[in-house]
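S.K.: Once you've looked at the hints, dock chain Z against the given chain D.
Chains as they are written, first to last, in our numbering: chain D, 2 to 473; chain Z, 103 to 387.
Hints are computed from structural coordinates only; laboratory data are not their basis.
Note that beta-carbon positions come from the ideal geometry of N, C-alpha and C, so glycine has one too.
You may find that some hints are simply not true.
[As the list claims (entries may be wrong)] Distance ranges between label pairs, derived from CB positions: (1) Asp358/D - Thr172/Z: 17 to 27 Å; (2) Glu279/Z - Glu417/D: 27 to 37 Å; (3) Lys108/Z - Gln216/D: 20 to 30 Å.
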Amino acid sequence: MSEEKKEKKKIVPRKNPMPAQDPKKRAGNFDEVALGYSEDQVVAEANRCLQCKNEPCRQGCPVEIDIPAFIKLAAERDFAGAIRKNKEKNALPAVCGRVCPQESQCEKVCTLGKKHEPVAIGRIERYIADWELANGLLPRETAPPTGKRVAVVGSGPAGLTCAADLARLGHKVTIFEALHVAGGVLMYGIPEFRLPKRVVQAEIASLEKLGVDIQVNSVVGKFATVDELMEKEGFDAVFIGTGAGLPYFMQIPGENACGVYSANEFLTRTNLMKAYLFPCYDTPIKAGKKVAVLGGGNVAMDSARTALRLGAEESWIVYRRSRAEMPARHEEVEHAEEEGVKFALLTSPTRILHNDDYWVTGMECLRYELGEPDASGRRSPVPIEGSEFVMEVDTVVVAIGQGPNPLVPRTTSGLEVTRKGNIVADRETGATSKPGVYAGGDVVTGAATVILAMGAGKTAAKSIHSYLTGQS
Amino acid sequence: MYKILKKEVLAPALHLFEIGAPRIAAKALAGQFVILRIHEEGERIPLTVADFDRQEGTITCVFQEVGKTTRQLGVLKEGDSIMDFVGPLGVPSHIENYGRVACVGGGVGVAPVHPVARALKKAGNEVIGIIGARTKELLFWEDKMRAACTELRVTTDDGSYVRKGFVTDVLKEVIEEKGRIDLCLAIGPLPMMRAVCDLTKKYGIRTVVSLNSIMVDGTGMCGCCRVTVNGEMKFACVDGPEFDGHGVDFAEMARRSVIYREQERQAVEVYGESACRCGCGGGRQ
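This is chain D alone, in the form it adopts within the complex (with noise of 0.2 Å):
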């Protein structure tokens, strides 16, 4: 290709499409929604980026990804320089692909973006991934041992980033899981058609491969503390990034009834314990024929689709402000209503009906309307008087939010945390008030995305690691 030619690159101003599940078809199963690029449309699409010289999706990128360098890759069909680019900072991939929110990140700041649809960075990224776990994981460099050992509380997005930079660059880490398998809510959160669980599982065996040792069934706070594995266990620093393991209730009448979930329980059930193959698999789970999702996140989103998955005849999502307020993603949104689920908008309950054995048959409801903007900025729901109504439900989820687990922080002793019981740690550099102790992710910011926890377990394994070296 001639230079001339170059510059007077045709401009392709969509999106080449995801392909997908038909919606009415994949309400009814839990296979994945989104299938993912062709290598022609893969090729099609990182075509379609002006590698331009600012390069702006790469501030837009939490963990740094070189972007342009790797769609460049990807667009002379060099998959495996592609995913080995993308790899030297994102130690998950195929999850990222997945499920960052890349509309307000990188394709938020997309050159092409600003006049027409930005590159689909999160496809061809999928694609690499998806490619590279098709094809055998590619060897990868990591630095002499230094002699270091790090031990990584919890086994989600922050601690399998913080993990993998640490093994990288030579020290000995060891992540301890609570529960029986790692990945934190990416296995027991994120359902099974987002996020196929055989892809968590595949980015977990690469780290392996880098030598990292995941401890599972070990509850840090409980068979040992943070303390015991530096005092006694010889660690030299430790991460935390415990999550957000705490279910919110509405703390309204009737919320103890059978039938009301926490969104984590829901979930959890569903995802980690697989009850949807009952009783191939032991664990139940009963979601009723009408379920009501108090909540406009990305759970309450993933908890109404799942209940459709369930069985549920009718899957409500009960958020007490309008659409435009509700804190979910665009696309998830537009991926609940394709399904199938209803949307009662400015409503919200203000007790839990049961019946004498305690089973929910509904749940009262009170009318909003917006106000004045509150603390957030969003415009503040205001119950309108005399509206009272009763909606009929036989199962409730309440997805309004999760807080910080506290068994970490209430048995780490000169740690500091917040009122509400998050720890707090350094934007910059993930360090607690408590020397070679280092958090990030969910327990500090509260819930938040998969990609903003990576993004605080690259930080923390940055200083960790000039911890661990100036010391020496």
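M.R.: Just chain Z now, with coordinates in the frame of chain D:
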């Protein structure tokens, strides 16, 4: 994998396992519990720690065959292994010298009462043990409890051993006879714990019960085990499993404990029929 180092059949469908888990044994205290999962397709179930041996690195659990999981567990032999075993979970029993303490164990609840009674006695308490079972052949650990308590009283519902009566009958006699009891601990079936609380409330005796709620993770993440205590929502896994018995909403607790009764029945039926036929890979024996 966690190996079953010793198995004992205490009574029909009532088993004792000593499981090799050095890291848990090193930290376990009276009142805590473990969660186990037998195999890849298994559910996670909590079992209260009945004993622990720090030297040998073992945890002792006693369980009754009720549903599919406990039946599958009952089939396992010495030398077999359990896939997942995690703990010690929950808040340990608060041990101090209260003075005179009644430790009441009903049915399989005798097992978790045992380490608490022992710890209370060691702390200087006069420990009056009361254990009971439906019938003689279901009674176990009389000897261990005798050693753990200052004084032990035994009863059977049908009178087939020692005497006829419920543990509450014996407890009432003890209260009347001794005049003063400073603390009562009761572990057993829900109706028994409820009856004990009704009785001790009349006498104004502080009573602690240990709740065996349905759980998934056991670390405060899912909220499945929530229970109302003194009007507040508590999680049995991280706030308990021990609670002020006079504050527990037993009616709610009883309903929540049978949420999955229908599915449990179905699971047992399918288990009887052998392997899964849908091809999902589950349903292993």
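S.K.: State for each hint whether it applies.
M.R.: Hint-by-hint comparison with the structure:
1. Asp358/D - Thr172/Z: 17 to 27 Å: Once the Cβ atoms are compared, 25 Å apart, the range 17 to 27 Å for Thr172/Z and Asp358/D holds.
2. Glu279/Z - Glu417/D: 27 to 37 Å: At roughly 53 Å between Cβ atoms, Glu417/D and Glu279/Z fall outside 27 to 37 Å, so the hint is violated.
3. Lys108/Z - Gln216/D: 20 to 30 Å: holds (25 Å)
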